[in-house]
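Student: All chains, please: the whole structure from these sequences, using the hints.
Sequences listed follow chains F and U, in order.
The first sequence begins at 78 in the numbering used here and counts up one residue at a time.
The second sequence begins at -2 in the numbering used here and counts up one residue at a time.
Source of the hints: derived by calculation from the structure; they are not laboratory data.
Check before you lean on any hint, since a few could be wrong.
[Stated by the list, open to error] Taking lysine to any residue pairs in the SDA-like style, the calculated list, with each CA pair at most 20 Å apart, reads:
(1) 305(F) with 247(F)
(2) 305(F) with 114(U)
(3) 678(F) with 667(F)
(4) 610(F) with 572(F)
(5) 305(F) with 98(U)
(6) 367(F) with 671(F)
(7) 305(F) with 322(F)
(8) 5(U) with 16(U)
(9) 305(F) with 97(U)
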Amino acid sequence: MSERRVRLPALGGLAAGLVVLEACAVLVLMVGAGRLASSSPGPGTPELGLGVLAAWGALAVVSLGVGLLALPRIRRVQRGTRGRGRLQALALLAVALSLGVIIQGALVLAAVYGSASDKVPGGGVVELLQHVPGPLLAALLVVSALLSVGCLVALVLGAASWTLLPARWRRIWLGGLDALLLTAFVLLTVLVPLEPLGREPRAALWPAIRLAVMALFVLRLSVRLVPKLLEALERVGPRALIAARQLRTRQSGFLTAIGGLSILAVAFSSCSLVTTLSVMGGFRQDLKRKILGNHAHVGIDVAHGGIDGWRAVLERVRADPAVRGASAYVQGEVMLTSATNLGGALLRGIETRSATAVTDLGRNLVHGRLEYLDDPERLARLSPAELGAPASLVTGPAGRRHDPVDADPTVATGLVERILGELAPDGGAGTLGAADGGASTPERGSAAVVPPEAQPADEASSPGGPEPGPARRVLPGIVVGQELARALRLYVGDEVDVVSPLGDLGPTGPVPRTRPFRVAGIFYTGLFEHDVKYVYVSLPTAQQFLQTGDRISGIEVRVAELERAPEVAERLRRAIGRPELRVRPWQELNRHLFGALALEKLAMFVVLGIAIVVAGFCVFATLTLLVQEKTREVGVLRALGARSATLVGIFLLEGALIGALGAGAGLGLGHLVCFAAERFGVGLNPEVYYIDRLPVHVDPVELLSVGVTSALVCLLATLYPALFAARLDPVEALRHR
Amino acid sequence: MPLLRVEKLRKVYLHGGKELVVLDDIDLVVERGEMLCVMGPSGAGKSTLLHLLGTLDQPTSGRILYEGRDVTREPPARLAAFRNATVGFVFQFHHLLPEFDALENVAMPGLIGGLPRAEARRRARALLEEVGLGERLTHRPSELSGGEQQRVALARALLMEPRIVLADEPTGNLDSRTGEAVHELMFEMNRTRGTTFLVVTHSRELAARMPRVVTMRDGRIESDVRRAADAPLEPRASTP
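Tutor: Below you can see the structure in the form of structure tokens.
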């Protein structure tokens, strides 16, 4: 047998060469096909297509040469030699494929230069193909189909021929491949950034390639490192020595297969667990960020009615060093009616200046400005550029990012400050002064409908307005959410009527109170509930409209450190010293939501943990078979003086190693998936999920706990086989087989 | 005090509800440095006796005293240590560990017994050279011939410098010439190291050279013949 195989090494080398060539051809074919399919008429595309074609043709010529060289040599090998048939088929296939590639290339070139030579520089490949005559196109399609099927067969054949290669050749090939991989890895690491440069898919191509190469590199590295690691482990002690050696040495084929399968099972189950938990964690974080961005970290309110003497409370709250900002608000249920539609809403009167320090409202505005709330005159004479931006065109945070002013809260706050200063020379009066002291808004206190056209435009009192537009009647501003704006078809500058159910007593009973407002801004938080429900006006306006007098509904507090909000809340409760006030941290305010999220995550952990348990069964079966196969050796080790504890240790260690390998691979894979999803983004339909890409958040603690769980499950699965091995009767074991 | 004293050793297996007496009141005394072989037809209880002496199995009754220490009453962990330090085994099918090369196989008892790795390997190398396998250190058992495998097994049995080597048909699987070489090696080890050898065998050639031959039949000792080491061979054994 060994003499018959003498000539195979050289042929094996040829076969390996063919495999690589065919693999390259398939890859190039795929890329070329993808290009052809996706290419749109544009500059550069035909050149690229022709380049692909040329590379493909060169590969085909080389492949043809190698195949023709190999065929006669293979024929000289004695019939019946292992692998002769495979090699012959491979060489024949390579020749056929190469011929096919060359024919196809020739057809394409003939078509391109035959019928549309004048169009080549300008048009896309698709356009070129449209000029190809019908029969030629059909031939092209048939050849392409045959080629892709043939390439797949060649890949399978090539993989089957790999075992024919002598070990030395295989090492050389692998070494070459690894060197190539290393070079590619280093080059890409140096040259290509990991972050995609733009948002379009084309920008993500090179970073994706870099990530793929990186993953392959790490994979090869670990494949190379595992034997070294086991070797190092062998030096630890007899137990580790025997365990590692038994794992390293090739067992019977079946055991190798199920050993590999159990490692894969552990890897995939832990990978899916990590990925799922990370995505759920991403959703939770996204939700948390949005909720905490728009609501208080600590909320102070009362169960019923309003808060009197709130300024003192606010002072005390602001005195706490952990408090970043605090702002009072009035809240009430209202209804908004526009010309076309109506919708219920929660009206919130806010202190415009301090509110920006407490919530992200200022940052979340996609249109308009928050300061218009305190400055109705400016709102009444907005320039046409600021008016009429259709809210329906804004679909996501992308629009928000481009807003130069609202991107930075300090800028926005500074602007508010400056404009307020200009408007109200007495300054200290703040929002009240600005809203109530405005000379041009008489009758504000009456909460009655401002008669249309009754107010002459006041030209004098708007020094800051850039290019004032045509003056309209001055109405208090209101900021609405994007979803509500879309439902009511509201744009910045539009008028909207706000109806309060707590009406005045009319001659025929209670009449709902109505008052017109002008849309001063539209915000987008990413929380549908929030965007459809909340509308904001200035605090005094709301107090007048809702007839709360000087009372407020509550105080919103933002703290420096999120996780310490409960402590701060406790401290504030003591500092305020008013037992009727409820001081609640965000954890308590949103307890049900976050509780549900945590429960969901736990359920997911349990459900996917079952997958790990199933993988544990796999490990169990592997170890049981291993013990079965090693029974006699167990007897020998007993005779040599190994204790039962040593034997238990050996098999436990083997199970732990399988678990560790599987968990390591799984965590690596999961991390890779999450990393890729985080960087390149999995698109989501924002209409459904209200998020434009899949949020992913990898929690190291979770990663660790998944790894520990997997390893633990594997260890548990190993326990019984290990104990079984230790309890084997040595005499029986020695007689085994 | 003799190295090994066996008193009224009895081993009974329960088989299908019936008692099967494998060893029936065996009494045996082995002195230090002695070399004896146990013969007898199959099923006479030779191997069972060997396993009991090697503490791999527990007797139904009776005592086994190694230098006065009764090993039939000891807990398993101490017995393991005892086997490691005091007893060396050579089996018919050599029973080398297939994943390890010759050197590692020989060093294994040392590693199990807690010798430093370097010391175990040093001793193993010396022993392998002694049994004539200095060139085969890194060969796996599957790459060694039957005689070489058995020599590796012998070296392994001797690594911890045990008081006694228990060999169960060590040459039963070898052709006569190779077996002869292994026999020679055992005699040499007995001479140079003073290790006691108790060999279960069917080989009349080996028995003929042994200074003491114990014959068993049906679980009893039938005869126990000693002779001086330089005494002429028995006429029956000398004829081929």
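Student: Are residue 305(F) and residue 322(F) close enough, with their CA atoms no more than 20 Å apart?
Tutor: Holds, at about 12 Å.
Student: For residue 610(F) and residue 572(F), compute the direct alpha-carbon distance and say whether it is at most 20 Å.
Tutor: holds, 18 Å
Student: With the threshold set at 20 Å, check whether the alpha-carbon distance from residue 305(F) to residue 97(U) stays at or below it.
Tutor: Distance ~17 Å between residue 305(F) and residue 97(U) Cα, so the pair holds.
Student: Straight-line Cα separation of residue 5(U) and residue 16(U) no greater than 20 Å?
Tutor: OK: residue 5(U) and residue 16(U) at ~18 Å, within 20 Å.
Student: Mind checking the alpha carbons of residue 367(F) and residue 671(F) for me, to see if they're no more than 20 Å apart?
Tutor: holds, 13 Å
Student: Does residue 678(F) pair with residue 667(F) here, judged by a C-alpha cut-off of 20 Å?
Tutor: holds, 17 Å
Student: Within 20 Å, alpha carbon to alpha carbon, are residue 305(F) and residue 114(U)?
Tutor: holds, 19 Å
Student: Straight-line Cα separation of residue 305(F) and residue 98(U) no greater than 20 Å?
Tutor: holds, 18 Å
Student: For residue 305(F) and residue 247(F), compute the direct alpha-carbon distance and say whether it is at most 20 Å.
Tutor: With Cα atoms ~19 Å apart, residue 305(F) and residue 247(F) stay inside 20 Å; holds.
Every hint, counting from the list given before, is met by this structure.
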